[in-house]
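> When you get a sec, could you build the whole thing from the sequences and use the hints?
As given, the protein sequences belong to chains A and B, one line each in that order.
Taken in order, the first sequence gives residues 73 to 620; the numbers are from this note's numbering.
Taken in order, the second sequence gives residues 388 to 735; the numbers are from this note's numbering.
Source of the hints: derived by calculation from the structure; they are not laboratory data.
Fair warning: this is a prediction, and the values are worked out from it, not measured in the lab.
Careful: at least some of the hints might be erroneous.
[As the list claims (entries may be wrong)] No more than 27 Å apart at the CA atoms, straight line, and that leaves these computed lysine-lysine pairs for DSSO-like:
hint : chain 1 : residue 1 : chain 2 : residue 2
1    : B       : 715       : B       : 643
2    : B       : 495       : A       : 537
3    : A       : 507       : A       : 451
4    : A       : 537       : B       : 462
5    : B       : 492       : A       : 537
6    : A       : 533       : B       : 495
7    : B       : 646       : A       : 533
8    : A       : 533       : B       : 492
9    : B       : 494       : A       : 533
10   : B       : 631       : B       : 646
11   : B       : 494       : A       : 537
[What the hints assert, rightly or not] Just some of the chain B residues that point at chain A, by a computed CB distance under 10 Å:
hint : residue
12   : 438
13   : 439
14   : 466
15   : 472
16   : 475
17   : 477
18   : 481
19   : 488
20   : 489
21   : 544
22   : 546
Beta carbons: idealized from backbone N, C-alpha and C, even for Gly.
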Amino acid sequence: MINRKHLKVSFWTWTALIILILCFVFIVYPFAKMFIQSFVMRGKFSLGNYVRFFSKRYYRNALINSFKVCFAATIAAVLVGLPMAYISSRFNIAGKHLLNIFVIISLMSPPFIGAYSWITLLGRNGFLTKFFQKVGIHFGSIYGFGGIVLVFIFKLYPFVYLYVRGALSSMDSSLEEASASLGIAGWKRLEKITFPLILPTLTSSALMVFMNALADYGTPLLIGQGYKVLPVIIYEEYLSEVTTSTSFASALSVIIVLCSLLVLLFQQIVISNRNYTMSSMRPSKVIQLTPVKRWLCTIFCFLIAIIGILPQITVIVTSFLKTNGPMFVRGFSFQSYKNVLDKLGQNILNTYRNALLALGIMIAIGVLLSYLIVKRNSKVSKVLDSIIMFPYVIPGSVVGIALLSAFNRGGFVLVGTSTIIVIALVMRRLQYTLKSSSSILYQIDSSIDEASISLGVSPLKTFWKITFRVMLPGVLSGAVLSFVSSINELSASLMLYSAKTATISVAIFTEIMHDGYGTGAALATILTLTTVVSLLVFDKISGSEQIL
Amino acid sequence: MNQGVKIDNVSKTYGDYNAVDHISLVVNPGEFFTLLGPSGCGKTTLLRMIAGFNTIDGGTISFDETVINNIPAEKRNIGMVFQNYAIFPHMSVRENVAYGLVARKIKKDELSQRENDIMKLVQIYDFRDRMPNQLSGGQQQRVALARALVINPGVLLMDEPLSNLDAKLRIEMRSTIKKIQNQMGITTIYVTHDQEEALAISDRIAVMKNGKIMQVGTPFDIYRHPQNAFVAGFIGTSSFIPAKANNGNITFDNGKVLKGMDCSYHGNVRIALRPENAKIVPSGTGLIDADIELAIFLGDYMHYELTLENGVGIQINEYFQSDLTIRKTGERVGISILLNSITIFQED
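Below is the structure:
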């Protein structure tokens, strides 16, 4: 009897141990190695890399530019997403479900596509530029600072919209009613009650916008032209360094990690002591507007949402245009898709195989680790939780460089294999599955486990027969996001791919860089289609709008 | 099948807090035994130690002659009913009920026989193919009961099973549980904080406070002969009137003396008075005068809250008879006490 008890304890101990080892090998070790490498020059310890960074105006400016772009994009995304979230959660606007689908699609768009499409629309020879020129309207250049911010706003405002909408609709309506009964209503109530209560959520969504803007290098590379930001520099340095070492790129990575952590710290200070627990007995009411107001609000929300998916629409249309080399000619054809299948079938295969493999690993780790964190409450699992958070909040290119510096030589070479890309995907996208698994576990009362045990089923069997089954819908809601964002992952893959292991997003990048706009668009359309199908399938399975 | 439970000097500590403090109890086979006490008294902790969900820090618990301290929960053959029902949400009523039988590898014919019998007994046979989210709270509670009983447990443990039901349903389920328990004769340990429920349902009750047993006895004993002021106050309602005792003479603050009382205490005492054991009489004619603070009409009786001359608050219920006068708030009255139904406690 005692032996059995011993055995069941050790299953979870083993699980914790294995995850801990994986964390050390694939997270702690690579980042430690990258950190050490940043202090190495010509085989010796040196601060040279950092001296070089801070002494040259070129690099310093990139850092300043990064912050400028990110702050501007974050503030603008909040200004766009916040009112939209308020309107859609509180008022009876038309087509909410469609609106949410649009928002999620613009969030999950393949990287680069935003920048590329905006150039197609508003660039020197853009469709819209030409159109407006005919009517006699001229705008300034879309290239540079303004263009980068524009792309970021419409790609990243969904974070604000989705987070805040969630918080607003779970806020107990009696709180606002209580305020009204005490004589504070309207704008005053928004300021005194509603806004302070959603502030923690709002700042974490702003943080997501900031981190994503800071990490993105495709957008500034394409639309920034001469306007250099830090991630672009990292990529350029990395390209020029591959033959020698990655030490300067490592130093740049360390700097960008420090910036990320600084911003994270700032956000934590802002929300410290402001995390409220609210018991939501009665979810907020949807207010019926007068027809005129209702349509104005609907138009406002859809205007933003449609601008947000405009890049996708552009890409889909472009993918069916006839091409002649890099040039688009009149008429429609499936030529781009034919090219894709002829040349890039392997990339498509790689993408789905990597993402499915990563998905399986993420579900396994997510389910087991969330159980360790929530139900067994051990100290080890708390440590694991914060280690795993790390690669999620830092730029993907940095994850790529860290993995490169750790596994490029010695006994454990992974560089150039698909395995290393799968590892990067798991590191970067596990968080969605882990979060959703934990949050459903917090809602499941331990008494259903105990009921099963009292009926004669061992704790371990109970986990599989009861706990896991009840968790499953919650796990899947995060897993679908993990999957969708895995197939769209670019920044780490771009550092880690080889000719054989390139994925769709890598191919889009190389195609666009080499003027293969048609094939790039066709690939992007395939990704968008997969994203939409995955989300719809999940919606059908779960039977509700559980996503995010 | 029915096991007796012996709890011998059992303790549970969290840090330096004694949740269960050296408790000894014997529950007889077939008995309906209730652990009653305010929240935080250790009753649920003790129940979960019997179930195997809390470890036993000191002492032993035995089912019949077998010490179960080191037997894991899934091997103890107990049935447990939880406060929040703990119905498996992804299984139908039938699958929930069959769960424990499947785990015991019961053959198909016997399984469906036992499953149907218990579902009919607990009156959920008509819902057998529904999912839990299609059931009301009372129906879910019945499923939980059927699921616990179908495995023929040696002991049935129930943790505040009725506290999530509304008042009417609670009384109905209380009767259902009691009838089924009588019929099956199963040893039952029941946890509640509701003294009325405990009185209604139990063969014997253990009243607990701060991890210790205050009194064990039949509902009648505990109500009529509380051994200490806590039990007198917790079971039913008692008002406490301060007085002084000397050789069987009880002297009240207003100087009135009751002579020849059965009381061996000396010095300050408190007299525990049930609301139904006092009468309201015209001012000056009773033992003590009092002001009516509140008069409440409750259908078959009047409930009064009064303040005595010395400021102590007491409660009196007067049941309607043909000659009952309804008093009004603010009236000054006297009270007289039924002397053979009071309990006297020495002041701590």
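> Against each hint, give a clear statement of whether it holds in the structure.
These are the hints, each one checked on the structure:
1. With a C-alpha separation of about 26 Å, the suggested pair residue 715 of chain B and residue 643 of chain B falls inside the 27 Å cut-off, and the hint holds.
2. This hinted pair checks out: residue 495 of chain B and residue 537 of chain A have alpha carbons roughly 20 Å apart, not beyond 27 Å.
3. Distance hint between residue 507 of chain A and residue 451 of chain A is fulfilled; the C-alpha atoms sit about 18 Å from each other, no more than 27 Å.
4. For the given pair, residue 537 of chain A sits about 18 Å from residue 462 of chain B by alpha-carbon distance, which is consistent with the 27 Å threshold.
5. A threshold of 27 Å between alpha carbons decides the hint, and for residue 492 of chain B with residue 537 of chain A the separation of about 15 Å falls inside it, so the pair holds.
6. Proposed proximity of residue 533 of chain A and residue 495 of chain B is supported: the alpha carbons are some 21 Å apart, at most 27 Å.
7. For the proposed pair residue 646 of chain B and residue 533 of chain A, the alpha carbon gap of about 70 Å is over 27 Å, so the pair is violated.
8. The suggested pairing of residue 533 of chain A with residue 492 of chain B holds, with an alpha-carbon distance near 15 Å, which does not exceed 27 Å.
9. Between residue 494 of chain B and residue 533 of chain A the CA atoms are separated by roughly 20 Å; this keeps the pair inside 27 Å, and the hint holds.
10. A threshold of 27 Å between alpha carbons decides the hint, and for residue 631 of chain B with residue 646 of chain B the separation of about 12 Å falls inside it, so the pair holds.
11. Restraint check: the Cα-Cα separation between residue 494 of chain B and residue 537 of chain A comes to about 20 Å, which is no more than 27 Å; the hinted pair holds.
12. Here the hint on residue 438 of chain B is kept, as its CB sits about 6 Å from the closest CB of chain A, short of 10 Å.
13. For the restraint placing residue 439 of chain B at the interface with chain A, the shortest Cβ-Cβ distance is roughly 8 Å, inside the 10 Å limit, so the hint holds.
14. Restraint check, residue 466 of chain B versus chain A: the minimum CB separation of about 7 Å is within 10 Å; hint holds.
15. Contact between residue 472 of chain B and chain A, as hinted, is supported at the beta carbon level, the nearest pair being about 8 Å apart and thus within 10 Å.
16. Annotation: interface hint on residue 475 of chain B holds; nearest CB of chain A at approximately 6 Å, less than 10 Å.
17. A cut of 10 Å between beta carbons decides the hint on residue 477 of chain B: the least distance to chain A is about 5 Å, and the hint holds.
18. Against a cut-off of 10 Å between C-beta atoms, the interface hint on residue 481 of chain B is violated, since the closest Cβ of chain A lies about 15 Å away.
19. Checking residue 488 of chain B against chain A by beta carbon gives a least distance of about 9 Å; that is within 10 Å, so the hint holds.
20. Interface restraint check: residue 489 of chain B against chain A, minimum CB-CB distance 9 Å, threshold 10 Å, status holds.
21. With a cut of 10 Å, the hint placing residue 544 of chain B at the interface with chain A holds, because the nearest CB-to-CB distance is about 8 Å.
22. Of the supplied interface hints, the one on residue 546 of chain B holds, with its beta-carbon coming within about 8 Å of a beta-carbon of chain A, less than 10 Å.
Checked against the numbered hints given earlier, this structure breaks hints 7, 18; the rest are met.
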